[in-house]
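K.L.:
Residues per chain are reported as follows:
4 protein chains.
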Amino acid sequence: MNSPLPEEEACLIRDETGTQKLVGYIVDVSDPAHGRCHLLVDERHLNRHGALHGGIAVTLLDNASGTTGSLTVDASGKAPFLTVSMNTQFVGSGRAGWMTATGSITGGGRSLVFIDAELRHEDGTLVAKSTGVFKRVPQEKLA
Amino acid sequence: MNSPLPEEEACLIRDETGTQKLVGYIVDVSDPAHGRCHLLVDERHLNRHGALHGGIAVTLLDNASGTTGSLTVDASGKAPFLTVSMNTQFVGSGRAGWMTATGSITGGGRSLVFIDAELRHEDGTLVAKSTGVFKRVPQEKLA
Amino acid sequence: MNSPLPEEEACLIRDETGTQKLVGYIVDVSDPAHGRCHLLVDERHLNRHGALHGGIAVTLLDNASGTTGSLTVDASGKAPFLTVSMNTQFVGSGRAGWMTATGSITGGGRSLVFIDAELRHEDGTLVAKSTGVFKRVPQEKLA
Amino acid sequence: MNSPLPEEEACLIRDETGTQKLVGYIVDVSDPAHGRCHLLVDERHLNRHGALHGGIAVTLLDNASGTTGSLTVDASGKAPFLTVSMNTQFVGSGRAGWMTATGSITGGGRSLVFIDAELRHEDGTLVAKSTGVFKRVPQEKLA
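Chains as they are written, first to last, in my numbering: chain A, 462 to 604; chain B, 462 to 604; chain C, 462 to 604; chain D, 462 to 604.
This is chain A alone, in the form it adopts within the complex (with noise of 0.2 angstroms):
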């Protein structure tokens, strides 16, 4: 099984968060326009029916927008980003193996973004996809 990481290390975020330590996802910042989220998916992620849960699914999808969005402020991907709403289809059924989340902006201003992702076996076969409403976080806010 080939992995779909770039050799760059540096592009990668990995164990950044709780959330990321558990199910265990790696960020992507290779490509500005593209924020990805790959997961080498096991059964940890499965559900009943032996399919990716689909809230495991979503977790790909809101990290390569959100990541998308990041990437519009700078090169570290980690610029904040609030997910303000999502809607998503679930279009195939989901296998172990590895996936990757690919963010893509479709349109937006200052402050609200329009970001569509796509959930993807590494075959190429859709599992999933997105259209969402992410917010800029002022900096100020955070000082």
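Honestly, the hints are just simulated from the structure, not real lab data. Source: prediction; values computed, not measured. Some hints could be false.
Computed Cβ-Cβ distance ranges for the label pairs, DEER-style [as the list claims (entries may be wrong)]:
#1 GLY570(C) / THR567(B): 20 to 30 angstroms
#2 SER464(C) / ASP584(D): 41 to 51 angstroms
#3 SER554(D) / ASN463(A): 23 to 33 angstroms
#4 LEU473(B) / THR567(C): 44 to 54 angstroms
#5 VAL534(D) / VAL534(C): 46 to 56 angstroms
#6 LYS482(A) / ARG475(D): 55 to 65 angstroms
#7 HIS510(C) / ASN463(D): 26 to 36 angstroms
#8 HIS510(A) / GLU470(C): 56 to 66 angstroms
#9 LEU473(A) / THR567(B): 35 to 45 angstroms
#10 HIS510(C) / GLU470(A): 24 to 34 angstroms
#11 LEU587(D) / LEU473(B): 44 to 54 angstroms
Just so it is clear, CB atoms sit at the ideal spot from N, CA and C, and this is done for glycine as well.
The hints should help you fit chains B, C and D onto chain A, whose structure is shown.
P.N.:
Quick look at chains B, C and D alone, frame taken from chain A:
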């Protein structure tokens, strides 16, 4: 901190699936009209900003919704239901402590069901809400 | 057929905009907490199957929601609010006769507001429901 | 102003239903993979702010999506499809002139289909986009 769990342990589903063991939520089928999903949120469920991760919020909302659908079939709360699509609004910031997602059916027919869910802190403040389309899986498909 | 319109004509907004004249709906600001939008549905509002066209349903839900937002600013119900995103569930089939959409605020802050709306027949049966993200337009932007 | 309509009049559906006559949109089945819905937007389609009314935008997106579903059944583009749920993002402000909504299937099975649509000005700028769940209506139900 008081637990929101009902006293009747037979109404609770614990540690059943991979994702349930990983995240630690408890499914509650004590009310036949409303599936519930409880979680004692700790640092493993938080994002970079110290708030509940959106993906964990959706995991709880999705479980409460799917359980609500399953309870229309039988009292086990385990009859198979698929999430077709789900729209989530992140209304407030979630913090550590007990949290409960509660599902309610708002419409639908024999196969497709519309289910809303709300995720609230123990003090009743709203964290997130969702509306979803769920699909009953025919028993013959599982044979 | 009884009209659902309040007796107080001053609470009604009629024939104000191009779309309002075209479709014929009536905006009702009699309740400061819930914007309403009434329509006497006839064959001009039906689709190929003889049921209410989904686009007309959304028109009513959107107007009721936006008016609910505007009523948080002043009693005119005309303060400018933009629809950022809206998710609609078509729960039942709509038929000819009076129909009313009613909005309710479920959360939000100074700029973004979450507003739900329900579209019901005069007998109370649910036709469609929506959840939306709306944005207050600052007055200085309109100067 | 150039019209976006294809030369082949046989591919166009005009003035068929009540809502179509009222709003004036034209359904275009010239591409079997993408249902289209065109409208020459004028003041009848505008809101209080002089921009395209959100309900009219959704009317066009819904028609393009449903037609895309119908085209999977036969070339008439009239096979019955129901809109189960639809999420719309209002990405840009719509102005007077020709506008076209275009649908694309992104997944689904025998009964439920996921269909995206985009609404663009004649110059290609994006006005709104939608993702929806649509349901094929079995022929026997119509007999």
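K.L.:
Please go over all the hints and tell whether each is borne out by the structure.
P.N.:
Evaluated hints:
{"no.": "1", "hint": "GLY570(C) / THR567(B): 20 to 30 angstroms", "in the structure": "26 angstroms, holds"}
{"no.": "2", "hint": "SER464(C) / ASP584(D): 41 to 51 angstroms", "in the structure": "44 angstroms, holds"}
{"no.": "3", "hint": "SER554(D) / ASN463(A): 23 to 33 angstroms", "in the structure": "45 angstroms, violated"}
{"no.": "4", "hint": "LEU473(B) / THR567(C): 44 to 54 angstroms", "in the structure": "29 angstroms, violated"}
{"no.": "5", "hint": "VAL534(D) / VAL534(C): 46 to 56 angstroms", "in the structure": "47 angstroms, holds"}
{"no.": "6", "hint": "LYS482(A) / ARG475(D): 55 to 65 angstroms", "in the structure": "59 angstroms, holds"}
{"no.": "7", "hint": "HIS510(C) / ASN463(D): 26 to 36 angstroms", "in the structure": "34 angstroms, holds"}
{"no.": "8", "hint": "HIS510(A) / GLU470(C): 56 to 66 angstroms", "in the structure": "57 angstroms, holds"}
{"no.": "9", "hint": "LEU473(A) / THR567(B): 35 to 45 angstroms", "in the structure": "42 angstroms, holds"}
{"no.": "10", "hint": "HIS510(C) / GLU470(A): 24 to 34 angstroms", "in the structure": "57 angstroms, violated"}
{"no.": "11", "hint": "LEU587(D) / LEU473(B): 44 to 54 angstroms", "in the structure": "48 angstroms, holds"}
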